[in-house]
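Visitor: Residues per chain, in single letters:
Number of protein chains: 2
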Amino acid sequence: MEFFKLKKEKNSLPQQEQESFMKRAIELSEVGMESNEGGPFGAVIVNNGRIVGEGFNQVTSLNDPTAHAEIIAIREACHNLSTFDLADCIIFTSCEPCPMCLAAIYWANIDEIFYANTKEDANNIGFRDYFIYNEFNKPINKRKKKFTQLLNKEAKQVFCNWALKTDKVEY
Amino acid sequence: MEFFKLKKEKNSLPQQEQESFMKRAIELSEVGMESNEGGPFGAVIVNNGRIVGEGFNQVTSLNDPTAHAEIIAIREACHNLSTFDLADCIIFTSCEPCPMCLAAIYWANIDEIFYANTKEDANNIGFRDYFIYNEFNKPINKRKKKFTQLLNKEAKQVFCNWALKTDKVEY
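Here the protein sequences line up with chains Z and F, keeping their order.
First residue of the first sequence? That's 1 in our numbering, and the numbers climb one at a time after it.
First residue of the second sequence? That's 1 in our numbering, and the numbers climb one at a time after it.
Everything labelled a hint here was simulated from the structure, so no lab data went into it.
Each pair may be met inside one copy or between any two copies, as identical chains are not told apart.
25 Å max Cα-Cα, derived DSS-like pairs, lysine-lysine:
1) Lys156 <-> Lys146
2) Lys165 <-> Lys23
3) Lys156 <-> Lys168
4) Lys153 <-> Lys165
5) Lys168 <-> Lys153
6) Lys23 <-> Lys168
7) Lys156 <-> Lys145
8) Lys156 <-> Lys23
9) Lys146 <-> Lys23
10) Lys153 <-> Lys23
11) Lys23 <-> Lys145
For reference, chain Z alone in the conformation it holds in the complex (with noise of 0.2 Å):
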């Protein structure tokens, strides 16, 4: 009840503010779109009613697949606030995140996502959101992918001595 109410509360803009910054993330998906620097994606993330980051896709453009666009208002945003946590965040996608931005999303601690287009109208126009959704479901074993795993009782000493350590910044 009050974890409910908790998140209630935290959508407290006005739908005529959130329809503002929908349409920011929109335009910021045609602009990147039409300028030919990736996929058709825009996204802002806004902190007290101000935008403090914002990206549009650039996968091709810059040759990097992990530049989609919510990752690259995250990155802004947290470089702008000079934090890796943006728990009092709202961020607005044009297009409900594929995996890797959903995981971004809640490795940044934001708790708010308002996003326009689906991953079934990702998937109708070619992307692959949706198989990369539905693979993450299979067992490792069944994946499109080849897991191997190697030297595992070498690693897991790495994280016994994280366990251990008294002067780490925990996140």
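For chain Z, the structure is supplied; the task is to place chain F on it using the hints.
Guide: The following block gives chain F in isolation, referenced to the frame of chain Z:
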């Protein structure tokens, strides 16, 4: 059958070389942790038997929640090879990739993944990989984040423009 053959043939590195690349990934996980740049994670990307990209987690030092080892290694490999397509590359990572990094591996077209620690190992030292994977399995309205759809019609117009665009670079 063909597909299976293709997957098998790609894993052409001798065991000793595999272990040597994984040792480098584990070494990087230790370097980043000891220098307090981020969590205990390292990754290397290999193309034709040589390392073309490396990374260790730098989330807290760079104020970038997307600065995971695999993301940094993918960006470096793409930069070094001047491409957004790492189809001929293999990744060695000191831990089973989180959903962000796994999806990045899919977007980069890397077909083979060697890992040392598992996501359960990461969970045991306090990382949220496992929690985020579980969130992905829930319907959008059951997740611990608030999702709201807005302005689908306006955003879909941009997708239609993409579908009709004649000079687009697909990825």
